[in-house]
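Since chain R is already given, all that's left is putting chains U, H and G on it; use the hints.
There are 4 protein chains.
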Amino acid sequence: MQKLKVSIIGATGYTGKELVKILMNHPKVELVYLTSFTYTGKNIDEVFPEFLNKLDKKLTNLDLELISQNSDLVFTALPHTVSMEVVPELLKKKVKVIDLSADYRLKNSTVYKEWYKKEHNQVSKVLLPEAVYGLPEIYLEKIKGALLVANPGCYPTSIILGIAPLLKHHFVEPEGIIIDSKSGASGAGRKLSLGLHFSECNENFKAYKIVKHNHIPEVEQELSSIYFEGENDKQKQQVTEMKVCFTPHLIPINRGILSTCYLSLKGSKKEEEVLEIYQKFYQRAPFVRIFEPPNLPEMKFSVGTNYCDIGFSIDERMGKIKIISVIDNLLKGAAGQAVQNMNIMSGFPETCGLV
Amino acid sequence: MQKLKVSIIGATGYTGKELVKILMNHPKVELVYLTSFTYTGKNIDEVFPEFLNKLDKKLTNLDLELISQNSDLVFTALPHTVSMEVVPELLKKKVKVIDLSADYRLKNSTVYKEWYKKEHNQVSKVLLPEAVYGLPEIYLEKIKGALLVANPGCYPTSIILGIAPLLKHHFVEPEGIIIDSKSGASGAGRKLSLGLHFSECNENFKAYKIVKHNHIPEVEQELSSIYFEGENDKQKQQVTEMKVCFTPHLIPINRGILSTCYLSLKGSKKEEEVLEIYQKFYQRAPFVRIFEPPNLPEMKFSVGTNYCDIGFSIDERMGKIKIISVIDNLLKGAAGQAVQNMNIMSGFPETCGLV
Amino acid sequence: MQKLKVSIIGATGYTGKELVKILMNHPKVELVYLTSFTYTGKNIDEVFPEFLNKLDKKLTNLDLELISQNSDLVFTALPHTVSMEVVPELLKKKVKVIDLSADYRLKNSTVYKEWYKKEHNQVSKVLLPEAVYGLPEIYLEKIKGALLVANPGCYPTSIILGIAPLLKHHFVEPEGIIIDSKSGASGAGRKLSLGLHFSECNENFKAYKIVKHNHIPEVEQELSSIYFEGENDKQKQQVTEMKVCFTPHLIPINRGILSTCYLSLKGSKKEEEVLEIYQKFYQRAPFVRIFEPPNLPEMKFSVGTNYCDIGFSIDERMGKIKIISVIDNLLKGAAGQAVQNMNIMSGFPETCGLV
Amino acid sequence: MQKLKVSIIGATGYTGKELVKILMNHPKVELVYLTSFTYTGKNIDEVFPEFLNKLDKKLTNLDLELISQNSDLVFTALPHTVSMEVVPELLKKKVKVIDLSADYRLKNSTVYKEWYKKEHNQVSKVLLPEAVYGLPEIYLEKIKGALLVANPGCYPTSIILGIAPLLKHHFVEPEGIIIDSKSGASGAGRKLSLGLHFSECNENFKAYKIVKHNHIPEVEQELSSIYFEGENDKQKQQVTEMKVCFTPHLIPINRGILSTCYLSLKGSKKEEEVLEIYQKFYQRAPFVRIFEPPNLPEMKFSVGTNYCDIGFSIDERMGKIKIISVIDNLLKGAAGQAVQNMNIMSGFPETCGLV
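Residue numbers (this note's numbering), protein chains in the order written: chain R, 1 to 355; chain U, 1 to 355; chain H, 1 to 355; chain G, 1 to 355.
No wet-lab data here; the hints were simulated from the structure. There may be inaccurate statements among the hints.
Claimed, not checked - Within a straight-line C-alpha distance of at most 20 Å, the following computed EDC-like cross-link-like pairs (lysine to aspartate or glutamate) qualify:
id, chain 1, residue 1, chain 2, residue 2
1, H, Lys209, G, Glu175
2, H, Lys320, G, Glu175
3, H, Lys212, H, Glu119
4, R, Lys209, G, Glu46
Unchecked claim - Quick look at which bits of chain H chain G covers, simulated, 3 or more residues with Cβ under 8 Å:
id, region
5, 290–300
6, 309–318
This one's a predicted model, so the numbers in the text were calculated from it and none came from an experiment. The beta-carbon is built from N, C-alpha and C at its ideal position, and this holds for glycine as well.
Just chain R, same shape as in the assembly:
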């Protein structure tokens, strides 16, 4: 059987590197081009010595012509606002794209502009409604036929998967949702920054971007869509009804996101009822694990895997439910989910090449 020819644009960021690691061992994939702005011309094992004897591949510059001609599918692992300069070119050449930036996640270009301070051009605006939000547990069918998948953000993946069943079944109020998330340091990427130096992060812990983190509109768009599911897609582009109060924190560990979500229950609910809707919602999702109370997921259980682990606890005194949702930010929160999307788009088993 012929392998899927895959290229990665931006292969030397943390996400790009993780994509390479997964795809080099994927039984149905042939890696074609790995591009890098900073390291063009070097072999990948010069940049990341862990690839020594494992992958012998040169990093190339961004030649879209060449890449399009020789690739069936391309992962774009570029910074926000840069991706939109590249993606339309690839699509024009009939190459499928999985974009790991935020550029095609928001249906509403005005909201994008407000949070990311850049306007889509006309071509990209047209692409927005066609791009599929790549959360397979919610949009499996749409992803199957997608040409452009907007791979979700890391925080949104943990949050949306964590509370989707509660919202869908209207077990909770749509107001007053509090989300307290904690992420390892790799979430901040490989750019130089004093604040990310070992001596600054280690033995420290802090909240950051407490006023406005640009993962908020993505979360609100998707939660609203789940809660108000009667609405059609058209409407979804116009309105984002639900709001969340979100605080990200930085933990001195390499990988992982744990989101603690606080929602108000509509009336009294039993543990078994909650457990049931979660198990049913995710019964065909190979990468979601539900922990039965009083068990709770911990960071280390999902780090290194593509799992989203979810646990919960009902606070009867307060009428609240707490949900703990954990992912590896570089896998289910980025590269792993992207490969899961690739598998679905290509008719491969959903778990192929993933652990």
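Chains U, H and G in isolation, oriented as in the chain R frame:
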């Protein structure tokens, strides 16, 4: 001038050790007895080699007679439910006591029994209303004359100081308070436990005691007292009106607690108004620092000091206010605060011997 | 094709757990029994929740009869001095054994007794010369036909592989070898110990067992054998000619061993000469990577893999050569190497199931 | 009593910051100017919020005129090769200088040029023999009268103090000395560097500058001086007889250096003999602690203090002695030792302001 003669019961737990470190350099204190159940008879530098050449002192057994005769003030750093066996004996001998356990923090012995699964005997029940909750920023005057101070828990210190001004000024609703706290590993003490092993904690992060942490009643008692301040002490013993939704988490760092608190604002408030009530509330508190937005405290700023650092952010979209409150769990959250109380009880400058 | 039926005795230590992780995904293996003294009767995902939805297997007690009847090969991951109570029973029943303890590594039972304070019984003494030291890069042919493989210790693996080519080619003096090793905390196992608590290890670094670490005789036996390779096996049992000066240190990381070895060069050697003998020595070794100067291996390059990464630097001013040798202590230093041995004993590709 | 007026040039590097922390609480010092190239004009608590409410001081630019006029003593905490542009100006104005760079540590300017790739100008060359190497345990008398103290490097401090008694008493051979050092990340300073990012350092461990670290000549100069103590200073400038084989490693902790030193004993020595020469050598040194075998120092015992902790073990099988020497790289390895020097130069108690 004669020095205050001080003994520490339970000197080889993390809190006891921290007390020794502070008090051995305190200019107005003479350390008399350091007791240890596990290490009786050893020199303290055999147990903690960092004391080598600094403190030459033998660890003794718990001889209450001897301790009472030769001490003006005793710190009891014993486990919850054990402290109450010792404290009344000391008070009987006219020795002042600062108790670092939870045994005298709750005014209502029924609530204590419910959360700590042990009943106070008659003597201790009588002591409950006389014990002063040792949070100097709230109870300065009472501490001055106290014979028995119940030193606050670490989480409660961070939480109560973090939100007291908002509650006192009724800037926020008393309902629906969410508190998401994160603590370093020393908070769990020195008892053997597989879950506290390096290989288990390191590169991990988790929520724990999510259903019921026994610091909750202490927080609720004090927050209620601040919010409903018209009530007299008698009433305070009977009712605990406010409730909080609290989740503690374990961070892989040695020391520090950061609490992220979410409260609903009563109407719209400006940053300056909030800043003003905080600055006013703490104007005479030498160990509270208020960070002006957009600055926020981080764990490393207060770890190693007796400060409680507080910052905040108003989420106008949600009508919420987020407060970040940080302390060193072993200092302001335990030993440092205990020495601050000792200073106040003894007429020393409040900051003496502390940084 | 029928799969190899494999059992693990001692499946809930760190090494046993790692064996389970590898073997559950090994394409040619069927896991039969996983035994655990502490957790008999529990499902493995109750002990290690990371196995949830991945492996559904009960932990059993140590029934040697049942295990022998239904297994082709057994891994014994028991403490030193305990393994020797079990291994002969298994061999008697014609089951192949890979023993991860030190019990069959030393050819000389007197040396074993001196360092491990226990004497082999007669049956085990007879087994000593038949046991093959499971370092595939040195003993490939013997391992192929072995019934009992003594899987090497973690420090010895890093040290022996690190300097074997220099000794074999007599590039260095056999005297005055200094080995300064550093290990992550998982090397100490899962037994309860205050010294391994997070608050004790974290932000600390120390040497330990500086006088006498029981990996020394194993290293000396094998280095002598390589240097004096003319000698036959018989002699090897009697003499251990070479000596090393060894100091292990504990690093606050989860996994990995880095050994810095200092040897005296016999005359002047060029980098290219050294590089050549290393590359030749390991040309058919799939799990050894040689780093060309000035590149050096780092802990993170091999952690998570079965590689031993080796780099070196010649100190001409001192007439010394420094070798840096790195492994993952739980993989190439234990479970990974054990599976590599299993592959070789069973005629599978040497790298099967390993990364 | 009038306080000593002190300025710090380069107050916002890790060493400068540490100097500020110590000196702001020093009872005999008044801080005059704190200069910073990067943060001129800002208040120090804007750069380091931990100074909030503790030190209210503006960072100034490098105005040598103003600084000289108003300071009795200046600490220069500048990068190597930059310090020599500033120090002579200060001395000309009769200000005492403690230089924390390497610029005046080496007596031989040719050796300096070889290792630091820059030549001293004529003025600085003249200063070299006058500069006193600021290791109080060796040069106490000279420091008392010094105008310019060259504060030792961090690695050299740990190494020289660790083995000086053995060399002085000729207990060991001067050849073949192996030094394997491990340092926390703050040793690398605050300059931007991808290699120092948390995600790169954390859970990693590596050797670096394995071929040539520029602390080597400093170590060799001082060890030679101690071993060949009959020689006069003149000769010391010309010859560096002893050589060491040195390998530094980076540990993922914030602070601390542990050096493991391997030396060949001249004949057999008993533990008590070794202990005796160490205790005698350091009997008047308030910041050196000798650990009696089998006790050994650990990183955490000295981190946060100005102590150098030393332990040892005799390896009789090899005829070697191992010395473990530990310091806090920012205190005894930099700022703490600088203040110790200041105390000595100013007639203050040697331990004043230090812990």
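Violations among the numbered hints, reported as their numbers in ascending order: 1
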